[in-house]
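> Quick mapping for you: the protein sequence lines, in order, are chains A and B.
The numbers in our numbering rise by one with no breaks, and the one at position 147 of the first sequence is 147.
The numbers in our numbering rise by one with no breaks, and the one at position 720 of the second sequence is 720.
Think of the hints as simulated: they come from the structure by calculation, not from any bench.
Computed from a predicted model, the values in this text were never measured in an experiment.
A hint or two may mislead.
As the list claims (entries may be wrong) - Label-pair ranges, simulated between beta-carbon atoms:
id, chain 1, residue 1, chain 2, residue 2, range
1, A, 16, B, 431, 50 to 58 Å
2, A, 83, B, 719, 50 to 58 Å
3, A, 226, B, 580, 38 to 46 Å
4, B, 545, A, 226, 45 to 53 Å
5, A, 76, B, 712, 49 to 57 Å
6, B, 545, A, 28, 50 to 58 Å
The beta-carbon is built from N, C-alpha and C at its ideal position, and this holds for glycine as well.
Each chain, written out:
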Amino acid sequence: MAVKVLILEDNPAAREFLGRVVRESFSDTITIVEAGDLESARREVRIAGGAQGYHGVDPFKLVLVDLELPDGSGLELLEELRQYPATKIVTTLYSDDEHLFPALQAGADGYLLKEDRFELLVEELQKIVRGEPPLSPAIARRLLGHFRTNTRTGMNRRITDEGNGESLRANGGSSTFTSALAFAAPSPVVIEPALDLPALTPREVEVLTFLSKGFTIKEIAALMSIKWFTVNDHIKSIYRKLNVSSRAEAAVLASKQGLV
Amino acid sequence: MSHGRVRPMGWRRLLLLPIALLASLAVVVLARTLAQTPDLDARWRLDGTGHLQLIATDLPWMRAALGHSLEVIVAPGIAPLYVDGRRVVNSTRWVASDEDRDAAARQQRQMAHMLAAGVPVLLGFTDRMSARVTPHARGYATLGITFWLLCGLGLALELVGAVVILVRQDVRNLLYAIMAQCQAAQLLLAAVDAVPGIGNVSLLGGHEAALRMSLDVITCAALLNATLLYPTPLPPRRALAWLSWTAAAVFTGAVMMFELPQAWWWSEALSLSTGLLVIGLLGWSYRITPHPYATVMRRLSIVTTGSLALVTIVVALNDRMPGEVQSLVTAVPVIWTVFFASLLLMSPFLARSQHMMREFAMLAGVSTLATSVDLLFVAVFSFNQFASITTSLFVALGVYAASRQWLLDQMIGARAVTTERLFEHLLRIARKVEEQPERAADWQLELFHAVFQPLVARHEPGFTQTTRWYEGGAGLLVPLAVEPQVNVDSPSQFHGDDQPEPRLIVLRFAERGKRLFTAEDARLADRIVEQLRRAVAHDRALEQGRSEERGRIAQDLHDDIGARLLTLMYKAPNTEMEDYVRHTLQDLKTLTRGLAATTHFLSHASAEWKADIAQRLAPTGCTLAWSFTQDTEIQLNVVQWSGLTRILRELVSNIIAHAHATHATIHADLSCGMLKLSVTDNGVGGTPKDWSTGLGLGGIRKRVRMLGGTIAWQQNTPEGVRCDVSVPLAVPSTPAASSPPTSPGAVAG
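In isolation and in its complexed conformation, chain B is listed as follows (with noise of 0.2 Å):
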């Protein structure tokens, strides 16, 4: 429940100490309480008529006893105890009807007083059977595992309790903070109720049940208070608030003072419907706002309730349980107490949760479940206990084994994309990041929302070096792989505002607002951000390797034979040869810079295609009417480029050579992908079938059909020669960034 950024915790961290040094204080205060209690040197097990039966002792004198039950205590002085060996419990909280609790208490007392350290006491056994000992203190020794598991558990509760309040003071906070004093005290007195042995602990006297009801009671006012704040503020927040919080003081009140009748099923009837209107109101509140939280707390809380409902009739069912399984109806609330403890410690950081937690949780739960089941069976189909707890224990590791994976997703929800999927996707998104770099930003946002399915996901400026969540786990943000490198050469940067680039991409409510992001899904998208980085890196190397390469060679081209032409143009004999040098080096020269630069923007060529075709033609007395339109831009590739620059030049070189023209038209249109060139000339053409081919029109016929395109001459009225060329160019595919594309997108080439 805690979530935002946490603040630098100087006073907080001082106030924790003293929190925790006090706590743990608490704990040995009361471990050295109980090692100071008289004890008995046995151990007993309650047989099937009810009775306590001796099973090991130290004492020699007693070893008789043993097999034998436990009738009587006497003491000196004493009324003599019959021992009714049901009611021999250190807690009388789980309890369900007021006389035998109370018997439970008066029992308990009566035992209290009897035992007394130093003092002897005899006991009396069935067939006649009798031993005299004398209590001792227990010792730490005999306080048993579970007693201080309880009490560690109690403790970080406690403790997590006291951070989240430290944190931030508000009143959500607070009200977690209640939940979980009230549940860490819940615990210490479970670890009391675990202590073994007959030398019965009871530090509170009667008030135990009452005070450990009332902590139940107060603990779903907190919870119903904070399910009414938390994800989303619901509209009858105060109303509900005030009638929780009246309920748990009269409930308190009531049980306190005035000894109130069927208290057990009070408390038990408070619990559950808390439990149910809870459900309830996350229900609600994820339909106001989808946040996942209220999802994962909903499933959570269906588990609670439902486990909870079926302890309540497991004790209910008390009476009818043969004296065997008893013990274990008094073990199944404990379970049910650490269950519910253990989802209260980890509520805060459910994204961050390791899967330990989570499997605790899980286990508890289950074993919760599996114990109820067991001693159902034992009580409706009177199944001895062996044969119950044999099946139940079978049945419940099968049933947790076989839907383990299932709970998990159920209870945290499952991640959508399968590993191949995120591979493609993954491979897809490099591919594209790679071909269209100004986009690659688009790109990332499409793979993260493909991976995690977000509500929302969005570009943001900032920075973060890894992934960070936030909100407990209702969002993510990822830092960018690649980032979009902005096309100096891009015709759209003189209109381009100047707006803060992107470098987050910030997704929020995984799964459609139903699952949190979790510590686990912040690596995964770690180790996306990597590969993703770590392919594009790799794409871009190979592709710096390349044009190095082309580059050399352009280089190696233009300078040594480029230099020679130049040679042989100036010591050419006559002025024919000149031109077919000169015209030579020009293609050297196009070659080479179509090797050099792998893309040139369409309208860019044209421009220099017009200002060549100008410049050539003005000494020539050739007026040049130009026109170009396009559709859409696109990127031509080396072999485009150069083609349609050669196809131009020769065909203005026949015009400057042989048509003998004053004026010249070309019209270039690109639309739907097509470039539509008319080259036209008012000189002396003639029936262009009658043409020689040695005019270079083989190589132009050549390099339009490399283009994939058609030529064709035709004469023109009333003079000249209109030649018509058409070029398929490729179109880049240019999906809305909203909708994932269906196609990898055709790029040109």
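Same shape as in the complex, but just chain A (with noise of 0.2 Å):
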């Protein structure tokens, strides 16, 4: 069966590239949906099978999203593409942290330059899918400053829930994750899943720390003594951490949004 991949971009000569570089990519035989906006890209999900994608007959297994679309923004498909079992890779012009980074969050598997060479885009697009992802020392950096924040916002809401604490404690509903640390725990209750938010491991700040320097995974490993693959391990493990936290913080600030 062919695997199927989803192609969302606005603009015809990208998309016709961008199926070129597809095609370059793998050796399966390939069938590419193309969608030129948001609302064709999700009525095509739909077909497939809907955005859970488990009831799906036929999922795509890869779907590129430009982030800049007539009607909206990439992003918005991410997110509700969460749970969708493919690979999703931005396409973009925007090489900045500040775009790239809420992707990531939202969920994406990687990104690529729309403007790179064709060479390029095809090796970095079979690294992706390969579970190699890029990572820029810019948003290393917005990585290791995410996390560090995680925690030290964590940290604070603890320290505020002990002052106020009886407030919150009225309201239980949202308290089912920490039930078992109140027991533990002879202190004040902790409300807020602040722990929950995923905390790196030392070698995962080293790692990320050595990317925002600019060094290559390549150089990281040699630094590190560690395998290349043991480097690419982190790096993915960050990923999804990464992910998992800002599915984390949604669900914190949709409780709380409940609890107001």
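Using the hints, build the complex out of the two chains.
Structure, rendered in structure tokens:
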């Protein structure tokens, strides 16, 4: 059976170009479904079995999403397809972290820069599908900041909770995942799921720090005296945690909005 | 003297009410008693010979005696009283010699005996004139305005004393309360003293003088004791306190029980020596701890003691004064008492007191001096009264007007910074806060340091809405106008430890400990904070507007031109054209990114350069050796960042496109504000001089020149080309927080 690929891109020339990149990258038979805006992309996803991707007979295996679209941002589709079991890749002109970081948080598995050469894009696409996502220094820096502030706000939340624990305890609805913790610690009950935000391991922090300084994976492997693919595993794990943490944050936000 | 936090005053307020009622009741009772004392319906004046001259009366049959002096009073059944005008005084407190005081007291008693309401007496005047009058109760109306004013002041002092002890019960406040009560009583007695007429009021009989002297001496003991404890506890406090209280007790006992000879001289000696001792102790205290309270109190003590010495001299010379000015002599001590009482009244609120309070004290002090000096002129140079009063009045007013500000400054301490300097500081700091928002707290500290020149200035966590002062003006708590911005991108964040962020500026001991912070200072600090906030908010709004505008332009460029270039690139007929367009697109992206972000850290930029170059070289099979060192972290502005990015990209493009190199080495080093780049390859460079100018070299040269740097190519041995670029990048000055920087600080850009 052919591998189904969705390309969401409003520029016809770019769509055609990306199609060529995809065909070049894989040896399987490829069925490319093209969409020029968010609306038609959603329609295609529904036809292929819905955004959850569980009941689909023939779901997409690969989704390329442009960020700037006539009827909105590609981020919206990425959010909707969070649970969708496909490799999701952002294709964009925007290589800066301000644009890419939210896309990664929204569950993108990697990104391609549209102005790169054909050969380079093919190589990059293959890497992402193999599970070797790119990570630029700027994004690595953002990731470090992201996980650091996450832990910090988590701590701050706990401190404020001790102050007004009463009011929060009254709304005990969201305390399912901390009830075990509450038993373990006799101190005031922690309502916020701050602890659920994943923290980076020291090794991951190390890898990120090297990446943020512009080292390549090979150089990092040499510097840390570990295997190349171990570094890559760390990067994959960081990607995963970013996704998880953004989902946890969303949950916190949602529960807060429910509380207020 | 009351300082610190005022705790909630539940029971205290309840207690204050009966105290206030009681005190008011006492005044009412006093006034009522006085109103019932008998008085003659006549007004008198001391003439030059020491006789009482009748100057006004409502009784028609006494009119004939107008201008004549009273010689004798005859009452039925009692020996006639020959009136000595000089002895007709209500109070004998300020009579120097024992005999005079006894005589005055005796005459007072006799007169009180004679004049009883309803019993007619015969007044004998000079030139054999006489008139029969019946004394009657004087009533409230004739008590005189001075009486009520003094009573009011006494009441106020009494209440302040009560409040101080109620707010906090400790030794210091107890001592203040004692002083306040004594002086309040003193003021009430002075009020009685001020009641006009010869129908003498002697409520206390012969003990009046003794009581008033004792009150003064007790006040002195308390004052000395308080000085020993505050602002700095002094070593000999125990011994001296014992000594002073013993002296006060001995004096009081002696003057009350045994009619101490030369009592007045004793009391004055004790008061003056206390004054001198206090001055000395406060000077010592300041040397131990430079608390501004000590300096301010010392200045006040000098003024008080000096004026008391003058008053003492004037009263002692009373006998040599002509009769006309004697009433003035009795007024001098009253003025001094008011002066001292007002100082006492304002001392707990020294920092809070408004101008009016100070002016009042000033006026009282200056009038004490003026009157005393006037009387001294009269006594020493035998001026006639009118001439001397006029002269001294003019002199006193002149001195007061001329030196008022200087005197005020001397008493309270001057602010060191003029208005212009203040504005200068404010503007300078506002700019610095804008330039280095992460050091905003330090800059604000520097500003307040420059304005108030305190001994101690530091940050503290905490919160205050407006400026507050504490310890009665020893310290000032100022809120931070602008909280330091934590730069999220700052490279130092990874080893930053979480310190509590400062929110307050604590200043202690204004003017290097010479001055107390006043309510005006607090207001000034608030205004400064407000102005600083406004200035910074304005600058930020401006900067935000600018960056929004830049961002919008960047967005437009990127979206419109970028999309078109992309289409153009995909449709390029050949790879050469495709590469050209790609290049243009990348330049456009650098440009727009430079527009969107205002500054880039050099270390961040170098990381991106490295990653970018490595990625570009990798497909060509060219290895990269990259090294980067910097002696300090700096921020690149837009021009520097995009310039350097494009120079590097162009150089690498040349290596890829023309050199066919297998290895490239890039060194970058920032030291002393100079960035040195060297790009070396092992390709087929040839002689740089022979290169055509179409290789983008012109573009590189132009950019280097724009950054004010130099560039040079040279043939590398054994093969390849080496390119050296050096570009000056200004390093922002990093002044120490403690020492104010001299220059505004050159920031990149």
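> Determine which of the earlier numbered hints do not hold for this structure and return their numbers in increasing order.
none
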